[in-house]
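Enquirer: This is what each chain is made of:
2 protein chains.
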Amino acid sequence: MPIYNAPTRDTKFVVNEVLDLPSYGNRPGFESATPDLIDTVIDECGKFCAEVIAPLNQVGDSEGCTRHPDGSVTTPTGFKEAFNQYVEAGWSTLAAPADFGGQDMPHVLGFVLEEYVSSANQSFGMYPGLTNGAVNALLAFGSDKLKETYVSNMIANKWLGTMNLTEPHCGTDLGLIRTKAEPQADGSYSITGTKIFISAGEHDLTENIIHLVLAKTPGAPESSKGISLFVVPKILVNDDGSLGERNAVQCGSIEHKMGIHGNSTCVMNYDGAKGWLVGEEMRGLAAMFVMMNAARLGVGIQGLSQAEIAYQNAVAYARDRRQGRALTGPAEPDQKADSIIVHPDVRRMLMDAKAFTEGMRALYLYASLQVDLTHKAETEEERTLADDLLGLLTPVIKGYGTDKGYAVATDMQQVFGGHGYIVEWGMEQYVRDARIAMIYEGTNGIQAMDLCGRKLAHKGGAAIQAFFAQVDEEVAGAEGELKPLADALAKAVGEQKAATMWFMQNAMANPNNLGAGAHHYMTIMGVVTLGWMWLKMAKVAAARLAEGTSEKAFYEAKLTTARYFFERFGPDCGALRRKIEAGAEAMMALDEDMFLTAA
Amino acid sequence: MPIYNAPTRDTKFVVNEVLDLPSYGNRPGFESATPDLIDTVIDECGKFCAEVIAPLNQVGDSEGCTRHPDGSVTTPTGFKEAFNQYVEAGWSTLAAPADFGGQDMPHVLGFVLEEYVSSANQSFGMYPGLTNGAVNALLAFGSDKLKETYVSNMIANKWLGTMNLTEPHCGTDLGLIRTKAEPQADGSYSITGTKIFISAGEHDLTENIIHLVLAKTPGAPESSKGISLFVVPKILVNDDGSLGERNAVQCGSIEHKMGIHGNSTCVMNYDGAKGWLVGEEMRGLAAMFVMMNAARLGVGIQGLSQAEIAYQNAVAYARDRRQGRALTGPAEPDQKADSIIVHPDVRRMLMDAKAFTEGMRALYLYASLQVDLTHKAETEEERTLADDLLGLLTPVIKGYGTDKGYAVATDMQQVFGGHGYIVEWGMEQYVRDARIAMIYEGTNGIQAMDLCGRKLAHKGGAAIQAFFAQVDEEVAGAEGELKPLADALAKAVGEQKAATMWFMQNAMANPNNLGAGAHHYMTIMGVVTLGWMWLKMAKVAAARLAEGTSEKAFYEAKLTTARYFFERFGPDCGALRRKIEAGAEAMMALDEDMFLTAA
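Protein chains in written order, with full-length UniProt numbering: chain A, 1 to 599; chain B, 1 to 599.
It cannot be assumed that every hint is accurate.
[Unchecked claim] Label-pair distances were calculated between CB atoms; the ranges are: (1) B/Ser62 with A/Ala599: 25 to 31 angstroms; (2) B/Lys225 with A/Glu44: 28 to 34 angstroms; (3) B/Glu281 with A/Asp487: 57 to 63 angstroms; (4) A/Thr66 with B/Lys225: 34 to 40 angstroms.
Keep in mind that the hints were calculated from the coordinates and are not lab data. Every value quoted in this text rests on a predicted model; they were computed, and no experiment measured them. Glycine included, C-beta positions come from ideal geometry on N, C-alpha and C.
Chain A extracted, bound-state conformation:
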């Protein structure tokens, strides 16, 4: 049976020591962030996820969800009971606003919850996880009436929410959607159309499900400027808040997927369902991005979460499994063979995983703090910086985080040798589950274009310059044993700057030069941002060691892993920069027919 232990010590290291969240406790809006409360939330959350949610991960995969002839859906054995416990324990309201029944804790802690839940059971985590985005859209654009009707119950996870964007013929290009919204005399709209790939579209966890649905009003143009967002409850809500009639929306089928079997991915049929406009007509795209941005961070965390649980199990296996002898001579001569953790290639994969998971944890927590600061900054300058950094980091966390998360999950499966390929051992599930995160909420190619096509150009490049200034400042502040790490980070960010410059000089002449290098650029920035976090972490570790600590081994391991990170991740930046500078010519030169197989 696979293990999962929430990495609470590491989370606290980042939250308390690197980000120093407790120091924000004096600021308006951060009052709840007392040191004691922070640690308690992290510990309890870790305990709950490990004890209640993790044991359901394999059964969720093997059973999957069942759609019944009446369109209802049953979740895997144990999901409903665990979900009830999750709600009763109040996890759903952790970082939600107090006005709607939330606990108003920092988003930093809300994202810690997302990591732990998702490591424990990604499919389970998606049920409450997608509700956050839907709530954000309602809070940002919904009328008071809509907020009053839905938000508190959604925050309490009495009702869960969904995001309905994709249709059979369009996912990325939402301007093509065909779902219709006809205005009705009572101010509502009649929604008709088919949506696919709807995560948690139908299930038995809650009495109601609140769908946020993109559709087109009559006469709307055939582009993303013509789309509007609607709230469409599964069961209509009476004026007094009680549940009324069943709405005309049904789960038509559940998709057969590579992974995340425990989550019901539905085809949803809207057949004149009653819906209400969120915000203004034809302004659906802005509302969708509000949903999306929170979801994208969450998906990036899924990349980490699968890497993390795969890593933990690979470590256990590598310590237990005995094959061969250390290259330097038997490590345990009294045994018939050494444990495979002595082999450099096994170490390489484990250290890669360690350097990635700890670095990515720091990065998403740093980004989560920027989410808090976009709401609760003390100055306009601070808010602007937080907003700019968050805009840049979101596609990197989603794109790089899930690319690398999948690669790490694959490596951890490799540590198991043949047993990694066998279902019962659990490793192949992590790979299959991790795979979706590279695709949904915008494929990683879309993330790369969001980063390079939109975010780099944002404010004439002021945002990326602000990012570079942050990294440069981090580099400048490093001395002594930290200097080699800072030099390596300077080299990596130097490659990113050179690539940025190359885009500036070559994308105008041919925008394909930008598109051809976008994915490489996202990867460089992934390495640079992780390196930035590793330098921050190394600084804290060095300071702790200098002042004396009872956790010497913990902080020394941070310094060693930082060194490993720059040795093994750093060199890729130069190679990727050279690939970017190759431009689009050879990539785009072939006639389309030349991709066909010639006989």
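For this one, chain A is given, so just place chain B on it according to the hints.
Expert: Just chain B now, kept in the frame of chain A:
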């Protein structure tokens, strides 16, 4: 329904134009390699695989194999009929020796068959595929009696063969095996033990199954020097060649795997089964390597095969699916959106796949020719070179070929966006099937150590120097428009030479320095060997274009893809060399306990 078209034009390009196989037709042993026959075999083989085998790929995945209470196993619907056609058409005997009923065609063509069968249906291909290795071991080490009893029927695929190495507690470290072989009065041995992960261990395709089993004779030492190889038929063969009693070997269960569901991966229980020694007692390792080496090339080809079929389907989807507009402006303004093949990031993935699949096809065919030359060289010098090159190329083809094959299959799934994750579209199966090839027949970490720990040191480095001489010669012979490609190859092989030198200078002091860099080195050599093949192919293409050809677009595409290859694969070599030079220190520094999750 997924498509598959055998890439016959590309195969013929390599076989006829790059390797010039027809020119070998004058040599002893190559008489059958007439131009007409070569083309006919390639065409007919492609046709058979596409028409008969490929349509069974998805049903094989969804149905899997069924073990019945009596231990018998049924293969998926259609497999038996297709297999009978395969045997009747004579495909199994293609490259087998005439002495045992084979057609004695070049191994080059035998490996073409392996590629096509495996692209069409990897699980299906594994049934006959593993028999080759077993036959090789019998031919190399079996007594005349054993050869006479088994080989002809195995070559005819009247009986299929298996390789029984792994046990529950050991795979890589075969010195640990516990299966016992007790000598009997009649010269046979009584075999008792449990073997796992036995591909095609039990099935309904043939009337008999011939297991090659590693076991230990009484008193044999507890190391790989103590293992012996035995042939253990499922049904005993009478002296007159007819089938006799059932032997005491049974399929205990079928493994539940991530992929290759159509192949029965069995736990095999030997309970005093009758077996016969192959070769000498305690010389099983050498016989096992004979089985293994053929199998490793075949597994490397599986990496290519899954990349190839995934690529073909991704191309079809990218031409058909319409989302968004080209960055340079609408490509088809009369349509609502452009096909996604206009997007650089989609092109990047397709060009990566094209550069890999065509390069790897050339590489395995080149290696296959070396297999032929190890048997049929005209001079001892030629034979030695072929043997040295084959030794070096085998772990690269297996290790790099399957690492990259999996990565390409994953990218091709990515081209499909959300549909790539849905079972019905077929893409996720290629990823799941491709995954095993990185693990079996020696994990890719083992391949890397075989390359760096054994093959580099072979003959005091003479083999790798011979390889470098080949590449240098190829570089020196390039002029004009080929010069930039040759320069890029020179740069890549320069990185490999530097890495080789670094190993020489640092592996003695600490062998972990070798282990820490072995996987990186294997990847560099993968890029160098593919680059070498791309330069060979570019030379032929340039010559054809210079002399005038009716297939201008085909040859021009070769030159463009060669350029793309060096632009996008080449830069990794320098980064990998720098990673190697980082050495083992940080990688091996952590105490094992520091990998555990701290609370």
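Enquirer: Please go over all the hints and tell whether each is borne out by the structure.
Expert: Do the hints match the structure? See the list:
{"no.": "1", "hint": "B/Ser62 with A/Ala599: 25 to 31 angstroms", "in the structure": "29 angstroms, holds"}
{"no.": "2", "hint": "B/Lys225 with A/Glu44: 28 to 34 angstroms", "in the structure": "56 angstroms, violated"}
{"no.": "3", "hint": "B/Glu281 with A/Asp487: 57 to 63 angstroms", "in the structure": "59 angstroms, holds"}
{"no.": "4", "hint": "A/Thr66 with B/Lys225: 34 to 40 angstroms", "in the structure": "55 angstroms, violated"}
In the structure shown, a violation is registered for the earlier hints numbered 2, 4, in ascending order.
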